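Here are the chains, one letter per residue:
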Amino acid sequence: MRMLQVGRWLTAIGLVLLAGVYVRALSYTPVEQTQGLAQKIFYLHVPAAIWAETAMILVGLASVFYLFTKDPRLDRFAAASAEVGTIFCVIVLTTGPIWGKPIWGTWWTWDARLTFTLFLFLLYVGYLLLRGAVPDPAMRARYAAVLGICGMCEVPFIHLSVYMFPTLHPMPIVLQPGRPKLPGSMLTTWLLSLGVFTLLYVGFVVQRYALSYLREQLEAAGEVGHA
Amino acid sequence: MTFTFAAILAMNRAFQLELENQALDGLLLAPIERSSIYLGKLIANLVFVTGVELIGVPLLALFFNVRVLPYLGPLLALIALATIGFVAVGTLFSAMTTRTRFAELLLPVLLLPFMIPPLSWAVLATGRLLAGRPLSEIVGWLNMLAVYDIVFVTLAVFLFPATVNE
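These protein sequence lines map, in sequence, to chains A and B. Residue numbers for the first sequence follow the numbering used here, beginning at 1 and rising by one. Residue numbers for the second sequence follow the numbering used here, beginning at 1001 and rising by one.
Rather than coming from a laboratory, the hints here were simulated on the basis of the structure. Incorrect hints may have been included.
Calculated cross-link-like contacts (lysine to any residue; reagent style SDA-like; alpha-carbon spacing at most 20 Å) [unchecked claim]:
#, chain 1, residue 1, chain 2, residue 2
1, A, K70, B, V1164
2, A, K40, A, L17
3, A, K70, B, F1158
4, A, K70, B, L1155
5, A, K70, B, A1162
6, A, K40, A, I50
7, A, K101, A, D111
8, A, K40, A, T95
9, A, K40, A, A19
10, A, K70, A, M152
11, A, K70, B, P1161
Facing chain B, a subset of chain A residues (Cβ under 7 Å, in silico) [said to hold, decoys possible]:
#, residue
12, F119
13, G126
14, A133
15, V134
16, R142
17, V146
Remember, it's a predicted structure, so these values are computed and weren't measured experimentally. For each residue, glycine too, the CB sits at the ideal point set by N, CA and C.
Kindly generate the complete structure, drawing on both the sequences and the hints.
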């Protein structure tokens, strides 16, 4: 199927570019003064975090439109986006501790931001579990849509609560009101990385979408075969 | 003190899980709006949870020797707002999970990410309140809880029909 091919190519290009971004990050971007080399993980961590949250919002938007139109394509997209979001959440939750160990001296702390990222991850897991627990496709799509919309509304609360708790986590330095507080070369590397992650997200989602479409076709064919 | 409040609210939820299991199909046959079924269930759950809290909070205050009375108003507001928040989402989700394969297991899993944020705001605010800090310090949390409640109750009213339509 062509879509699957497109998805594979996008992902492959994304992965190559990701390696490229890291070459740039490691050799051509200045080392941060206080954190040293540990700061390099920022180019991986923050874009993944942005896409982990964005993916949930996209799941929610697709769910809203699904409930109105009952278009199975939207449901497929929501499922694909949720799976990819889970992966990005895992990236955030693994790169975070790798950075935290040298900088904070601990892998994990029950800090507001860390805890809420964990909840975002649990939200995704719950979403995927719910999809697995409902056998009927139409019902599964509706239930998943309800949860997806609730999840989307949860994201701003999770995001905002960071500002209300005393937190160890560095405050946002790129996505903030006013100018980004980042030297130009670092900002360029970061923006490149964000672009690459966007590409990876699209590539993964397209692949997942194509696969679930093929699976549905297969199931339909199987049912015809049995009957 | 703050943790005990978290515990009491969490315990309430455990009760609430058992509360909500049957009789949905019968209700759906009744000639009323779907959303009013949801509101009815929400109110019933709230009454139940409030009942547990009415017993629990005075007992806690007694055993831990906390001076609750000077802060009674804000404290009640906090507890009420936090309770509404997670009961609203819980009622919506339980309508879905009761019809899935592992219903009892799935509800806590789905509810956890929606329950902890309001609870943690409430717990932090309660801690400040009982430590005698000025009321202005917790206004932010009260607002946040109120917004959370409004968002999720509204959302649940609109989404509930989608969970029960055949």
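These are the hints, each one checked on the structure:
Between the alpha carbons of K70 (chain A) and V1164 (chain B) the distance comes to roughly 15 Å, so the proposed pair stays at or under 20 Å and holds. The suggested pairing of K40 (chain A) with L17 (chain A) holds, with an alpha-carbon distance near 16 Å, which does not exceed 20 Å. As the CA atoms of K70 (chain A) and F1158 (chain B) are separated by approximately 16 Å, the hinted pair is consistent with the 20 Å bound. With a C-alpha separation of about 19 Å, the suggested pair K70 (chain A) and L1155 (chain B) falls inside the 20 Å cut-off, and the hint holds.
Distance hint between K70 (chain A) and A1162 (chain B) is fulfilled; the C-alpha atoms sit about 11 Å from each other, no more than 20 Å. Note on K40 (chain A) and I50 (chain A): the hinted pairing holds, with a Cα-Cα distance of about 17 Å set against a maximum of 20 Å. For a cut-off of 20 Å, the pair hint linking K101 (chain A) to D111 (chain A) stands: about 14 Å separates their Cα positions. A threshold of 20 Å between alpha carbons decides the hint, and for K40 (chain A) with T95 (chain A) the separation of about 11 Å falls inside it, so the pair holds.
For the hint linking K40 (chain A) to A19 (chain A), the alpha-carbon distance of about 13 Å falls within 20 Å, and the restraint holds. A threshold of 20 Å between alpha carbons decides the hint, and for K70 (chain A) with M152 (chain A) the separation of about 19 Å falls inside it, so the pair holds. A hinted pair counts as satisfied when its Cα atoms are at most 20 Å apart, and K70 (chain A) with P1161 (chain B) qualifies at roughly 14 Å. Look at F119 (chain A): its Cβ gets to within about 4 Å of chain B, closer than 7 Å, so that hint holds up.
Hint on G126 (chain A) holds. Least Cβ distance to chain B is approximately 4 Å, under the 7 Å limit. Because the beta carbon of A133 (chain A) sits about 4 Å from the nearest beta carbon in chain B, less than 7 Å, this interface hint is met. Hint status for V134 (chain A): holds, given a least beta-carbon distance of 5 Å to chain B, under 7 Å. For R142 (chain A), the interface hint holds, since its Cβ comes within 7 Å of a Cβ in chain B; the closest pair sits about 5 Å apart.
Against a cut-off of 7 Å between C-beta atoms, the interface hint on V146 (chain A) holds, since the closest Cβ of chain B lies about 5 Å away.
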